[in-house]
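Enquirer: Single-letter residue listing:
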Amino acid sequence: MKMHQQGYNFAFLDENTKREIRRKVLKAVAIPGYQVPFASPELPIARGWGTGGIQITMSIIGPNDVLKVIDQGCDGGVNAVNIRNLLVKTTGVETTFDTKAATIVQTRHRIPEEKMREDQILVLQVPIPDPLRYVEPSEVKAREMHGEMDYSRMWIFLYENIVKWGEITIGARYPSLVNGRYLIDPSPIPRWDVPKLDNADTLYLFGAGREKRIYAVPPYTRVQPLEFDDFKFRVEDFNGHSCTRCGASHTYLNEITGAGNGQKIYACSDSSHCDKLRRARKEGTD
Amino acid sequence: MNVVFESGFDRVFDTQRIYRLMLDAVARPGKIMLLARPELYPPAEINPYAAGVAFTLLDSETSFALLPDNEASRQYICLNSGSRAEELSRAQFIILDGRGDFPELAGLCRGDLLFPERGATLIVMVDAIGEQGDGLRLTLRGPGVDGIQRLALKGLCPANMHRVQKLNREFPLGVDLILTDQNGALAALPRSCAVNIEKEVTC
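Those protein sequence lines, which keep their order, are chains B and R.
Just so we're aligned, residue 1 is where the first sequence starts under the numbering used here, counting upward by one.
Just so we're aligned, residue 1 is where the second sequence starts under the numbering used here, counting upward by one.
In case anyone wonders, no lab produced these hints; they're calculated from the structure.
You may find that some hints are simply not true.
[As the list claims (entries may be wrong)] In silico EDC-like pairs for lysine to aspartate or glutamate, Cα to Cα no more than 16 Å straight-line:
#1 R:K31 with B:E160
#2 B:K100 with B:E139
#3 R:K31 with B:D98
#4 R:K31 with B:D75
#5 R:K31 with R:D101
#6 B:K232 with B:E160
#7 B:K196 with B:E118
#8 R:K154 with R:E104
#9 B:K115 with B:E139
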């Protein structure tokens, strides 16, 4: 372990703040999908830039952890780089781009393509923790609806979507039922990633700093995206496209407008997985 | 009375290590973790591992109660955590000697539908925690359990387990258990876990 910068407590937060978050995370895990309120104090990064995830990571991380931080699947995104720098400066932990080598992965908007293991934790940054925000602006009322498991308005919202547009228009942030009890907003991950939450080996922790909520999906827990018997949930369809860098056709692809000719090209969203596939392909042809 | 102020316990790194094991235990009910022996010298009524768990979670924002209550332990926890002693039905944390038979457990706070997280956390001390072996044998199902998990608790009065089952009958209301034994084994039974008592023994 490298030394962390002096003048701060390990992982920046003071121990009282960490302890509160630790207590709340335990309750979040014990009540899968329920949003636990927490204090969410100020950080050197503004609220809304991943402070929920940062606070969870700061509260669980130890000197022997290996950290990976991604933004939209990419280790080089500006949000990821800044968060990684802050965490390294205040903890001295080792970092990696390799999903397999990390013990904690903090992420914005993606779950890595490579299947995560039992000994790893995925921390997700959440902008809007309550899926009922679509149908109910009042937190007080939404809390009652969660308490009573009254999700009828969400179902009607989805139904009306289908009637109006012939499709459920929610792309990312697809509402999903955890353990048959609580409806969660899985954060703005694409639909592609939602099935990875279901019955996983890994613990998923969700932190919303601006909205001051923590929730969790424990491993081996049912996570069902809402769907109708005659209108099933489905993930993004890349319809024969593949990544221009590594050639993969089984990953989540970003659509990019090509420079010059304005044609659409596709590239993997998970950059470190893409690099791995490229290396493997190169070695295969050499 | 001579109450020890614990200076050998590292409140930054020891608590972090204990917390990660605890988090893993709560995320995977019945999984047995092994704690390193903390530099703690509590009164005889409290095992040092349970004290380590308590000092990882308790501070001046929290309240606790002891079962059975005793002056030395209460002062020890107050002094070393800053947490305040509270009556049983309102305490956020209960430090429980699992061997005793405590009807009072029926009155613990289990939260309400708007704020179920306000249900109490029990730090339970037992003699031994194993996957198999002597004592109360449990089978666990639910979130965090891949199929079925077995747990054997020696030194936990079955009547206490029945009371916890009753408290946890109406999910999401309930209480969450963190168990420690004399040798540093730690396991958890969060309220989401369906507990079935396979074999009872009198304690």
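Enquirer: The structure should be examined with respect to each hint, and the outcome stated for every one.
Expert: Now the hints, each set against the structure:
1. R:K31 with B:E160: violated, 44 Å
2. B:K100 with B:E139: violated, 38 Å
3. R:K31 with B:D98: It is violated: about 27 Å lies between the C-alpha atoms, which goes past 16 Å.
4. R:K31 with B:D75: It is violated: about 33 Å lies between the C-alpha atoms, which goes past 16 Å.
5. R:K31 with R:D101: Distance ~25 Å between K31 (chain R) and D101 (chain R) Cα, so the pair is violated.
6. B:K232 with B:E160: Status holds; Cα separation ~15 Å.
7. B:K196 with B:E118: Given that 16 Å is the threshold and the Cα spacing comes to 13 Å, the pair holds.
8. R:K154 with R:E104: violated, 21 Å
9. B:K115 with B:E139: violated, 35 Å
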